[in-house]
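Protein chains in written order, with the numbering used here: chain A, 1 to 233; chain B, 1 to 233.
Source of the hints: derived by calculation from the structure; they are not laboratory data. One should not assume that every hint holds.
To be verified - In the DSS-like style, the derived pairs of lysine-lysine whose C-alpha atoms are separated by at most 25 Å in a straight line are: (1) B:K205 - A:K161; (2) A:K159 - B:K205; (3) A:K149 - A:K33; (4) A:K229 - B:K76; (5) A:K149 - B:K76; (6) B:K205 - A:K230; (7) A:K161 - B:K149; (8) A:K159 - B:K149; (9) B:K91 - A:K165.
There are 2 protein chains.
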Amino acid sequence: MNKNLTTIQNVSVDCVVFGYSNEKLKVLLIKRKAIQNVSTEQFALPGDLVEENESLDDAAEKILFSLTKIDGIFLKQFHTFGDPNRVSAIKDQEWLRAFRKNPEARVVTVAYFALVKSEDYQPVPSSFAGETQWTPINEVPMLAFDHNKILDSAYQALKEKLIEKQMGFELLPKKFTLTELQTLYETILNVKYDKRNFRKSHKGKPFLKELNEKVKGVAHRPANLYTYKKGNN
Amino acid sequence: MNKNLTTIQNVSVDCVVFGYSNEKLKVLLIKRKAIQNVSTEQFALPGDLVEENESLDDAAEKILFSLTKIDGIFLKQFHTFGDPNRVSAIKDQEWLRAFRKNPEARVVTVAYFALVKSEDYQPVPSSFAGETQWTPINEVPMLAFDHNKILDSAYQALKEKLIEKQMGFELLPKKFTLTELQTLYETILNVKYDKRNFRKSHKGKPFLKELNEKVKGVAHRPANLYTYKKGNN
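Could you build the full structure based on these sequences and the hints that come with them?
This is the structure in structure tokens:
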């Protein structure tokens, strides 16, 4: 709640935390507290102004914690949003007038993203967040400011990184089947692969190591297990 | 020269324009004009504060033009730098006191980069740029603010994009030999490839189309020509 003097007026950070769990992709949202005027109650990405003496990375981590009590997530900067009108909608101005010293100031926001197992992180609302929730990616409501645009852009970045950088393996068990990998890809990329084609195209990938080990406790044709070999793309 | 009221105090853009020419990789630098105090004369990336009513992308394009008269380059945002002390060195504060209304203000800078054929762009110094030059990447002097760090980070992003996104093909002729491609890669990545290995690993790449055509005007074993197939990575 930045009614103090130590924030810089024109720069904020916003955090897009994706969570993967039970074959669903979700995003962490806060619902901002209502004040006198009910229209200030709105869903948003966790975000706030940057303080005078903190780096952007530190601000992202601290702000995520201050609103959701979630800690220890590696947040990566992915894009900065600076449309001159990104905070000028009436609904947003109402909220800013209640919470900011200088509500008319133009705010450029540096956006961060992360991908975690959502079951490992239970958010607890705090500061100006009245509620927090893991929202399925296809059920995201209208958000504050340009946060829907920021989320779309983060989702795009996530999809690219999943393929190019082999992001996401930390969401699988250390030893996994090709079916588990396929489900992860299908969930995040929102596509369906033909099972045989997926297996064919992935069996030879240098970043996948086939183990001499099969799934236990399965009677009929247990699946082979694989592990991820880092740095082999 | 932002002594007017329309800039936002905390946000600037900086442009890292890489130029490829004659098998050299260069970067576009400005030398800031001397004023009374000689220490204000310093090399820097082209950059300045963002104005109140312009988007970040528009600011990048306009500021590059205002300092170098270079126009029509596609600048891509790649990272935002926000170390709280990035403009607080004595040499930088001297310059800021001469040129900025609020020299103590913390400035977060949104950095852009581009890769062009340097021979196609002749910079002309303007505004607070006293000189402009294409500087070979291995001869870059100490720059203003954290611009060496920004340049290093842009160079890293360039190398990644060259490989992952097949950036850089627009620097080659429409029909090129594998030797020309190898030279481009070697120059930008600052590595040496074994000729046979390079040919072997690139001949089958889906983004390269072998043409039924050879280099003309060469007596002995003229090289095959290739062309780039977009969207085949």
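Worksheet item: Taking 25 Å as the top limit, are the C-alpha atoms of K149 of chain A and K33 of chain A close enough?
Response: holds (22 Å)
Discussion item. Please verify whether K161 of chain A and K149 of chain B have alpha carbons no more than 25 Å apart.
Written reply: At roughly 24 Å apart (the allowed maximum being 25 Å), K149 of chain B and K161 of chain A satisfy the hint.
Item to complete: Please work out if K205 of chain B and K161 of chain A have their alpha carbons no farther apart than 25 Å.
Response: holds (21 Å)
Worksheet item: Does K76 of chain B lie within 25 Å of K149 of chain A when you go C-alpha to C-alpha?
Response: holds (18 Å)
Practice prompt. Compare the distance between the alpha carbons of K91 of chain B and K165 of chain A with 25 Å, and conclude whether the hinted pair is satisfied.
Written response: violated (40 Å)
Worksheet item: Within a Cα-Cα threshold of 25 Å, do K159 of chain A and K205 of chain B meet the stated pairing?
Response: Answer holds: K159 of chain A to K205 of chain B is near 23 Å, not above 25 Å.
Discussion item. Can you confirm whether the C-alpha distance between K229 of chain A and K76 of chain B stays at or below 25 Å?
Written reply: violated (32 Å)
Worksheet entry | Distance restraint between K159 of chain A and K149 of chain B, which requires alpha-carbon spacing of 25 Å or less | violated (28 Å)
Worksheet item: Taking 25 Å as the top limit, are the C-alpha atoms of K205 of chain B and K230 of chain A close enough?
Response: holds (23 Å)
Violated hints, in rising order: 4, 8 and 9; the structure is consistent with all others.
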